[in-house]
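J.: Now for the letters of each chain:
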Amino acid sequence: MTSLPRSPRRLRAGVALLATLATGALAGPWFAGSPTAILDPGVAGLLPPGSEKAVVIRRDGTTLAGESLRRSGPDWVITRAGAEVTVPGTDAATAGVRRFWLGTDTVGRDVLARLVSGARVSLGVGALALAVALVLGVGAGLLAGWAGGLVDAFLMRLVDALLAVPMLFLLLFLAALFRPSLAVLVLFLGFSSWMGVARLVRGQVLSLKERDFVLAARALGASPWRIAFRHLLPNALTPLAQDAALRLGDLILVEASLSFLGLGVQPPAASWGTMVAEGQEVLANAWWLTLLPTALVAATVISAALAADGLQELARNET
Amino acid sequence: MLRWSLHRIAAGVALVWLVATFTFLLVSLAPGDFATRLTDPRIPPAARARWRRDFGLDRPLPLRYASWLGAAVTGDLGSSWIYKQKVVAMLASVLPNTLLLTSLGLALELGGGVALAIVQLRKPHGTGDRIITLATLAAYALPAFGVALGLIALLSYRLHLFPPSHMLSLEGEMAHGWPRLVDTARHLVLPVAAIGVTGVGAVARYLRGSLLDERTEQYVLAARARGCSQRQALVRHALPNAVLPLITMMGMSLPFLVSGSLVIEVVFSWPGMGQVMYNAALGRDLPLVLGGTIVATVAVVVGNLLADVAYVVADPRVRV
Chain A
1 MTSLPRSPRR LRAGVALLAT LATGALAGPW FAGSPTAILD PGVAGLLPPG SEKAVVIRRD
61 GTTLAGESLR RSGPDWVITR AGAEVTVPGT DAATAGVRRF WLGTDTVGRD VLARLVSGAR
121 VSLGVGALAL AVALVLGVGA GLLAGWAGGL VDAFLMRLVD ALLAVPMLFL LLFLAALFRP
181 SLAVLVLFLG FSSWMGVARL VRGQVLSLKE RDFVLAARAL GASPWRIAFR HLLPNALTPL
241 AQDAALRLGD LILVEASLSF LGLGVQPPAA SWGTMVAEGQ EVLANAWWLT LLPTALVAAT
301 VISAALAADG LQELARNET
Chain B
1 MLRWSLHRIA AGVALVWLVA TFTFLLVSLA PGDFATRLTD PRIPPAARAR WRRDFGLDRP
61 LPLRYASWLG AAVTGDLGSS WIYKQKVVAM LASVLPNTLL LTSLGLALEL GGGVALAIVQ
121 LRKPHGTGDR IITLATLAAY ALPAFGVALG LIALLSYRLH LFPPSHMLSL EGEMAHGWPR
181 LVDTARHLVL PVAAIGVTGV GAVARYLRGS LLDERTEQYV LAARARGCSQ RQALVRHALP
241 NAVLPLITMM GMSLPFLVSG SLVIEVVFSW PGMGQVMYNA ALGRDLPLVL GGTIVATVAV
301 VVGNLLADVA YVVADPRVRV
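Taken in sequence, the protein lines are chains A and B. All the letters of the first sequence, read from the start, carry residue numbers 1 to 319 under our numbering. All the letters of the second sequence, read from the start, carry residue numbers 1 to 320 under our numbering.
Since the hints were derived computationally from the structure, they do not count as laboratory data. Note that the Cβ used here is the ideal one computed from N, Cα and C, for glycine as well. Hints are supplied without guarantee of correctness; some may be wrong.
Restricting the straight-line Cα-Cα distance to at most 25 Å, the calculated cross-link-like pairs of lysine to any residue (SDA-like) are [stated by the list, open to error]:
hint, chain 1, residue 1, chain 2, residue 2
1, B, Lys123, A, Arg9
2, B, Lys123, B, Thr133
3, B, Lys123, A, Gln312
4, B, Lys86, B, Lys123
5, B, Lys123, A, Glu313
Facing chain B, a subset of chain A residues (Cβ under 7 Å, in silico) [stated by the list, open to error]:
hint, residue
6, Leu177
7, Ala256
8, Ser257
9, Thr290
Put together the whole structure using the sequences plus the hints.
T.: Structure below.
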């Protein structure tokens, strides 16, 4: 453990990309505006990326958008569709020219802001569901591998059975029954994905538990908990991390599919999947509404797959 | 062989029974039954109660389960709440469409994956290999709906090459024989391509990895020494060995194929199982959703059995 081998390039690339996406998602509120603010759809709806519009937000929350803006005394005069509209200075909360780097959607919401808040939902749901799957899978795998016998047989038959269930159908079914909140969605996804982890951990435990260092720990009187968490799991860490990376990608894809179908994340919260569904209606003339969230899902899954590839390489070098 | 088959079939039946029981319990425990769907406020409570009794909804859960299971075993999964038709008949009428779509998609996925991997191994780590590796990684990572919408936007809306949705156009609906077949084929192109693109990445990535390892095995070197070309050694000798785990992998990925085709069917308004299931889920048509989940599970179990049979056929060492 004194010197770690140099991590493979793919691992570093994948982790860096994931970290960038996560940072963007977390730091979103500071650089991107409100994801739900509706900006005068008549003028600011479906703006292509990079457009500029003059925007006045009134104190009552309504907005006006137009081509240009000037001051006249204390008041703001905005040119909206050729006509000049005067907004008294006391009414206006903010006024200025704003650039929509990634355009706006049909009702004039800033796509950049929505992508960033969607990233929080998509990555957050994926990561939490992964955590649920890992806790369940590691627990079941340790139990099956360590206890053996009937417990092992029962748990592994259960795993075999659940792996053969078409999960999207079952999730669709559950979503139809319960209309899930975000927390329930996380639980559903986690419960649908722990089986592979359990199988992996069980295999690792079976091969590790006959080794001398485990025997030594047992001879020293270490408790099963101590053996599990100090001796078995650390040695199974690399394959477990590789599996977790791939699983994160899968979970994000499943969440995106469910939300795309309207049965995952419910409005007004947006995930990348719901954004694509909203953009689907204007697919022919507003490519950015579908392409950008799709690209972000793909980027996340690619970086997870790169990290998994790198971890596999690392595991090969270790042995 | 017989014992093995019986064992596998029994395990499959047990799985279907488990899933059916689990989903039935969920439906029974979920709030609202058929009687609460009669939303007309003029229906007096007494009529609702009588309805419940007529349909046996007031009986205790074990009894309801027993009679439901008894009917299910004889192929009766009840009636759809929305369409007022037999669930089995509805699903049976759309199942062929789904099978057509998924089997063509699977064929494209496998064929494309094998072809790409072989092209990549002509010159491993060369430029072509690198480009295809990147492309297959992207294909693997793209969500199915994204691929589907991209294909529609490009090949249908922009270039007007293929129709964007449904299985038949209006003219095709009227036509018979050859023109009808051509029309269906034109409608098949985009959804099959979408399934193929989403699945080809996993196959190609897997095959490239295992062929790369297989290439330096002694039997491949022996084949080369006997005068096989690099290509022959790869295709005739290494590929059959690399395909074996692929069969297992395809069997295991069947649930994903069934699930993936659901999204594709919804995007392309393809009249299949997935589309029916989706509408049933949106409308909370519980008998239909229940039936669809069971049929999908049966499909996966049968697919897994077929994968096992394919494995036995492909690997002469396996004797069961």
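J.: Is it true that the CA of lysine 86 of chain B sits at most 25 Å from the CA of lysine 123 of chain B?
T.: violated, 57 Å
J.: Between lysine 123 of chain B and arginine 9 of chain A, is the straight-line Cα distance small enough, at 25 Å or below?
T.: holds, 22 Å
J.: Classify the hint on alanine 256 of chain A as holds or violated, based on whether any CB of chain B lies nearer than 7 Å to its CB.
T.: Since chain B brings a Cβ to about 5 Å from alanine 256 of chain A, closer than 7 Å, the hint holds.
J.: Can you verify the interface hint for threonine 290 of chain A: is its Cβ closer than 7 Å to any Cβ in chain B?
T.: Given a least distance of 5 Å, the restraint on threonine 290 of chain A holds.
J.: Given serine 257 of chain A as an interface hint, is the shortest Cβ-Cβ distance to chain B below 7 Å?
T.: holds, 5 Å
J.: Close enough to count: is the Cβ of leucine 177 of chain A nearer than 7 Å to one in chain B?
T.: Holds, about 5 Å.
J.: With a cut-off of 25 Å on the C-alpha distance, tell me whether lysine 123 of chain B and glutamine 312 of chain A pass.
T.: Holds, at roughly 23 Å.
J.: Is lysine 123 of chain B within 25 Å of glutamate 313 of chain A, Cα to Cα?
T.: holds, 21 Å
J.: Does threonine 133 of chain B lie within 25 Å of lysine 123 of chain B when you go C-alpha to C-alpha?
T.: OK: lysine 123 of chain B and threonine 133 of chain B at ~12 Å, within 25 Å.
Hint check: a violation occurs at hint 4 only; the rest are consistent with the structure.
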